[in-house]
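Enquirer: So the chains spell out like this:
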Amino acid sequence: MTALEQTRNELGEDATDDDVVAIPLRRPWRWISAALVLLLASAFLYSVLTNPNIDFAAIGEFLFDQRILEGVALTLLITLISMLVSTVLAIVIAAMRLSSNPVLSTVAWFYVWVFRGTPLLVQIVLWGYLGLLYEKLALGIPFTAVVFWQVDTNQLITAFVAGLLALTLNQAAYSSEIVRAGMLSVDEGQREAAYSLGMSPLYTFRRVLLPQAMRVIIPPMGNETISMLKNTSLLSVIAVLEIYTQATVISSQNLKQVELLIVASLWYLLMTSVLSIPQYYLERRYGRGTSRALPPTPLQRMRRAFANRRPGVAPAPETKAVSVI
Amino acid sequence: MSIILPVEHSTRTSPIPLVEIRRVRKSFGAHQVLRDVSLAVPAGTVTVLLGPSGSGKSTLLRCINHLETIDGGRIIVDGELIGYRQSGHNAHEMTPRQIARQRRGIGMVFQRFNLFPHMTALENIIEAPIGIAGRPRTQAKTRAKQLLDRVGLADFAAHYPAQLSGGQQQRVAIARALAMDPKLMLFDEPTSALDPELVGDVLDVMRELANDGMTMIVVTHEIGFARGVADQVVFMDGGVVVESGRPEDVLDGPQRQRTRNFLESVR
Ligand SMILES: Nc1ncnc2c1ncn2[C@@H]1O[C@H](COP(=O)(O)OP(=O)(O)O)[C@@H](O)[C@H]1O
Ligand SMILES: [Mg+2]
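So the protein lines, in turn, are chains H and C.
67 is the number that my numbering gives to position 67 of the first sequence; each next residue is one higher, with no gaps.
502 is the number that my numbering gives to position 177 of the second sequence; each next residue is one higher, with no gaps.
One thing to keep in mind: the hints can contain errors.
Stated by the list, open to error - The calculated label-pair distances, taken between Cβ atoms and stated as ranges, are:
1) P219(H) <-> G413(C): 34 to 42 Å
2) Y281(H) <-> K470(C): 29 to 37 Å
3) L406(C) <-> T118(H): 45 to 53 Å
4) A458(C) <-> L184(H): 44 to 52 Å
5) R532(C) <-> S276(H): 47 to 55 Å
Stated by the list, open to error - If you want a taste of the chain H side facing chain C, the calculated C-beta under 7 Å gives, among others:
6) A35
7) E192
8) P201
What the hints assert, rightly or not - Selected chain H positions facing chain C (in silico; Cβ < 8 Å):
9) S100
10) P278
11) G289
It should be emphasised that the hints constitute simulated quantities derived from the structure, not laboratory data.
Ideal Cβ placement from N, Cα and C applies to all residues, glycine included.
All chains, please: the whole structure from these sequences, using the hints.
Expert: Set out below in structure tokens:
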């Protein structure tokens, strides 16, 4: 008896020759590969956990060390400020790049060319050395002696400010290209409809084009935020006390380099995981109107799952085969 | 009124035109799309623009609300020169802000609806009245609901465009344009992108609008609509007005061979 005949019999007398019984494809490789991965993972975990060169007590001890926590806070602060300011800047640069004014679009193109074309690390160090380049920064009329306000460079541009500037200006170049792609994804008819209602170009950009571009912009911006969070570690070269710098400072004293790198990594992992939550909700918000029904939030999904498990509601009987109608 | 106006105006049967298009020229590169087009649309009347694809109908409509600039001639709506300010012999193009202001008085409905997909039907309608005309939110909402009711979509205020059929979307688009209280409505093939069974609802709304006295310029291939609703039918081909007049004259007894050929093809 073939499998097909067997299931047909189980469906009862109603199953005529016209009924087609669909049996899901069996996928033995899933099981085999899963077993292999499990084996390799546990071997690796075992080698780490039993490694006499790793001081697990130290990891536990420093995970919540005051300096590490301060480093975490600074890392988050720098990420937050850089992402916010660079996004605003990116929107301006993208709008300039797309504008019909050749001066604006060339300036925008040049900006992106410079900041995308040089390594971030070099930019960070350059901003850190700004005091060597210009002793004083002044606000006045160019090419005249008129000065309204001036300040010692090293006093204004501390390591923290230099780091913020470097990350923000670099990120703005990348983000502006993302924003530009988003803007180009919006149908030209949208602009015309907005104009025909009497909306100004700026109003149209803000209320009609940008919200639609957001749908395309947000997923890559989530990636950019995660990159930014990790790139803050580069600020260690100008001694900004974010988490990586704090970890190296501590390990230079107690020589537990690997342990402190693990501490820092655990924090980076936690922070990047938490960052994907706002991304999910932003995607939902700007996805409005694009699909016929919005996907449920995790909370709604959980409620639904529990609702299904409530006693009293009989679960659907298990079937071995599904008939295709 | 006849006391104030010069004699030649008062003796005419038709009132002063709301829209006056005089010798308008427009080229895209070397391709001249409008060649000295002239047209007058009296207030409260419906003008239907007919013509083969590529004859410049859409371009002419888009010039009327300055979505396209013109190379020569002039367009006057309600006594105002569109898109330019006359000073002596020159016409200076207006700033985007001034142009936006003029466009508020001219509604436009597009072939592909162009509703804002991230807003519900109601939000589509109230966006410009609140954000541009500065009307109070509650007042704008009340008016939007009246308009939705008028186009037969009272129950669809909270629907996003993706949740509406083509015909429903186009009726929301009409309501959206009407919410700015325009004195002129432009329709660019409003039913061409619709399934045949949805065309009727949109045409009904337009017919009602015409009955209420709205001044309308409509590009359409719906000859039945032109016959029943239009006060004036204009046939364009190759960027010129070939023939124009009352619908029964142009549609049933066209003088020009080109008009006859075209009418033959759409019948
Ligand atoms: N933005 C544009 N750039 C270049 N050519 C255009 C543009 N818009 C329209 N045209 C050309 O102008 C001619 C008239 O177009 P259109 O006014 O859309 O005609 P219709 O609406 O009567 O079909 C066509 O040949 C078209 O290719
Ligand atoms: Mg057209």
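Enquirer: Now tell me if each hint is right for this structure.
Expert: Now for the hints, and whether the structure bears them out:
Between P219(H) and G413(C) the beta carbons are some 55 Å apart, a value that contradicts the proposed interval 34 to 42 Å. Between Y281(H) and K470(C) the CB atoms are about 30 Å apart, so this pair conforms to the stated range of 29 to 37 Å. Checking the proposed 45 to 53 Å range against L406(C) and T118(H) shows it holds: the Cβ atoms sit about 52 Å from each other. Separation of A458(C) from L184(H) is about 30 Å and departs from the stated range, judged on CB atoms against 44 to 52 Å.
A hinted range of 47 to 55 Å for the beta carbons of R532(C) and S276(H) is consistent with their spacing of about 53 Å. Hint status for A35(H) relative to chain C: violated, with the closest Cβ pair at about 45 Å, above 7 Å. At about 6 Å, the closest approach between the beta carbon of E192(H) and any beta carbon in chain C falls short of 7 Å, and the interface hint on this residue holds. Annotation: P201(H) was flagged as interfacial toward chain C, and the flag holds, the nearest CB pair being 5 Å apart, inside 7 Å.
About 11 Å separates the beta-carbon of S100(H) from the nearest beta-carbon of chain C, more than 8 Å, and the hint is not met. With 8 Å as the threshold, the beta carbon of P278(H) stays out of range of chain C, its nearest partner Cβ sitting at about 19 Å, so the hint is violated. The beta carbon of G289(H) is positioned within 8 Å of a beta carbon in chain C (closest approach about 4 Å), and the interface hint is therefore held.
Hints 1, 4, 6, 9, 10 from the list above are not met by this structure, while the remaining hints are.
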